[in-house]
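Chains as they are written, first to last, in our numbering: chain A, 237 to 530; chain B, 503 to 884.
Just so you know, not all the hints are guaranteed correct.
As the list claims (entries may be wrong) - Some chain B residues close to chain A (C-beta under 8 angstroms, calculated; not the full set): (1) Glu-628; (2) Thr-683; (3) Asn-715; (4) Phe-718; (5) Ser-764.
Don't read these hints as lab results, they were simulated from the structure. Built from N, CA and C at the ideal position, the CB exists for glycine as well.
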Amino acid sequence: MSIFVDENTKVVYQGLTGSQGRYYGLLNRDYGTQVVAGTNPKKAGTDVEGIPIFASVADAVEATGANVSCVFIPAAGVRSAVLEAAEGGVELVVVITEGVPMHDEAYFFNKLKSDYPDVRLLGPNCPGLISPGKANIGITAGHIAKEGGPVGIVSRSGTLTYQALYELKQKDIGCTTCVGIGGDPVPGTSFIDCLAAFEEDPETEAVMMIGEIGGSAEEEAAEFIAAQVSKPVVAYIAGLTAPPGKKMGHAGAIVSGGKGTAQAKMDALAAAGVRIGQSPSEAGDIMAEVVGGL
Amino acid sequence: MDLFEYQGKQFFASYGMPVSPGEAVTTVADAVAAAERLGTPVMVKAQVHTGGRGKAGGVKFAPDIDAVRTHASNILGLDIRGHIVQNLWIEKASDIAEEYYVSFTLDRSAKAHLGMLSAEGGVEIETVAEENPDAIAKIWVDPVEGLSQDQCRQWVLAANLNPDVTDQTVELLLKLYEAYTTGDADLVEINPLIVTPEGKVHVLDAKVTLDGNAGFRHDLAPFDATQPRDEREAAAHAKGLQYVGLEGSVGVIANGAGLAMSTVDVVNQVGGKPANFLDIGGGANADVMAGALEVINNDPDVQSIFINIFGGITRGEEVANGIIEAMNRVDIASPIVIRLDGTNADEGRALLQPHLSDRLMMAPTMLEAAREAVALAEGAAS
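Bound conformation, chain B alone:
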């Protein structure tokens, strides 16, 4: 799960890394009060889970309280790449002499941790990678061995940073690696890592993605609570369903992530637009099916529903019973097309047979079911 910048800085601070004092606020009045406590000048920074904040006008320098008021009211509600700003981070402004870039993430090909360090910070690392790849010093860290002091020093030297801050940078990067590993982060990125005119290395931004699977080791609830989700995703999340909201009109339910992805593809291939990706997992019992249908049913854009089930261990008759029971429990607004295949599919189809109508249809293959669902959605829209 992605952390806001301020949460990322709190995360880094808990590992002993130097960050600036600041306060997270949601209103202009609180922004002003925070700036008064911190003392101007301050930075007013939009807290959104996307990059490009600066370019979009979401990060402003405020020399005095009036400027804080102006910037806060301009930035709150701003749309940055589809993310509406609801939170601001008011931070004591720093003087900057140099800007660096550093990150750790998993290199899936190498199956090792990849550290990237560059003296050219403050701009998007993708740009540096394209225009001047030699400016990025890379290091691969064995997850068993960890990052040693010596290895870290070699890495810092390879990046050609200001030699005066080598020791400080080594110390900070060892802490960053510690935060990345023991904090169970998928990604930690500081851009920029700055050197102040006084020669202090300091964390000026924070991008942190924590591994949601490590909830048994860390309390992730505060971060989970601030995840941006559309209403549909929030409802599905509450039911423990794997759901991704899309823009179309064909609601999709499938068992298994691969099959759900494949179903979304097939709907697109036949000219339709899926409303969502929804994986109900292996055991498609009535409760799970009813919950999934409820989530889809509450999406006003949905005009038809495509249920795509392949029975493996899950048996066809259980799936069929689940659908029938779910339809009794939930009043479904859109017609449903079912494709049921695999283990005991014949038994399942036989159970569904008496319930078939223009509200509940069955198709023999994934492709035909997709065509039918798309035609129904288009018919409803015209």
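So here's chain A without its partners, still in its complex pose:
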């Protein structure tokens, strides 16, 4: 099993005709993902390497049965692209685009919550998600992930996600689903959403969680783990030595007013029974131990 996406998932790419969308859309198809459509109102009726282009997500859904949208639209168009996808009838909208203004994110997150409560949003500014061997949606390199289980991964950081997948593969540990939730201030899907889904998924037996400084998402996840998660969780938090007041690359990664420090997050998670790695490799080693003891 996996969470959110599997071999039956059909994906429409908003922005398939752009350079990034085309590159990753085709890579995702090569991986085996069912990439069934693209959208571009000016290029409806054409195709990208055999993938039909439709004027809107609604048209694509009607014609192909697509149930997931992946957004590669430039930041200025993301707000309307997300609303178009939700209105068009997909279940999951994955926004890869970075640099989306905070007010747009806050708007479409809440708009989906009130008007399209069954539509899940992932991102913006995320690497996407992969259920190895079944579907890869976004910019994760598929071959660094081993199929199967028993580990589910949820991460706020792109490269560290890849690192985690790769380390597990090196240790011959498979992954059910790896979800990159992104480093922006208003992530559509939270750690808690993923932890809850992994808890429900019978094939996921342990969860790797990668956090970073800023906000309180990790602390909220710790509370949730203590109350609701029975499966073992291993975590790594980046930014232990980040100076206060400086954005470390991601819009959300900033220690301000003494809040959002890595130490506070580690302490909260440790108190919830989560085992903490001091480096990504140490987290990988701990996970190998956990998996060995399952």
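Given chain A, work out where chain B should sit, using these hints.
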């Protein structure tokens, strides 16, 4: 990006909020000329991107022109929490009957906008929050619904302000919310929002952080131009690199913000001091790598360089070629330690093999690479 107080006031004024007349200056002579045009008394206010200006002596009342001259010359060049004052705001002085606090920002947990309003303004809100949290009236605004007149009035009433100014305050806060949302601000804060002896509500200070991602909707260039950056950050910014200057001697280059942060952590963990955080992003081609090496190379404090690359979509051999080409283009003063892992790492390592020397080393793991880079930096320093 953080705005200076005077820029924040101009921003607020453009949404119809009442601010005092004033002029931004950079010299004592201009400060005096501005005060003569405005008419004394005036306030002489340091323009820096940090709080605590008053306590540091950066905000002074000047009853006459002589005082303007004295204060301006004292404040220009003043060091306020590491920020050297280069700009002054000369503003017509206001009489104050009451001081309030108000702000809007995103509550990331609630995923809604949080407004805070207090009758106890003029002091740091953190102090009020600690000592008398009940004195802060909070409101959560749904970003889709926006702030309604009724909701705003309830909020103002909950804050127990002077009832005579309720209508004015409601009107001003609706404008502030408008500025916050349509102006794409991450934060708007007025402390103090004052009531004058004549009963007028007035903006006396402005703290505004604009969202740099909203540049496609607003002209942010004037604000970007006044961002304080050290030379290294300015050079990196010009090359489009994500760079944060730190104090140490180990230059850090990594792909991805998380990995770059993690690299800085590991250097610290093994007892070294990173000189910077630098994220070259996903596609580590030769140009980007050369640019990154140039920025690091121009930092005189750097004694060794740690390049930490994890290939995902980016392939190891491309990264290796980038490093080799960059080294041919840039004369690097410090020894480099590379950790290359992930997609096609073996191919990349093979390409680097013939170029290895005591100037270019390779380590199998992040931890070992960090130890080596730190040892090299310490060796160079002793």
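Do the hints match the structure? See the list:
| no. | hint | verdict |
| --- | --- | --- |
| 1 | Glu-628 | 7 angstroms, holds |
| 2 | Thr-683 | 6 angstroms, holds |
| 3 | Asn-715 | 5 angstroms, holds |
| 4 | Phe-718 | 4 angstroms, holds |
| 5 | Ser-764 | 5 angstroms, holds |
Checked against the numbered hints given earlier, this structure breaks none of them.
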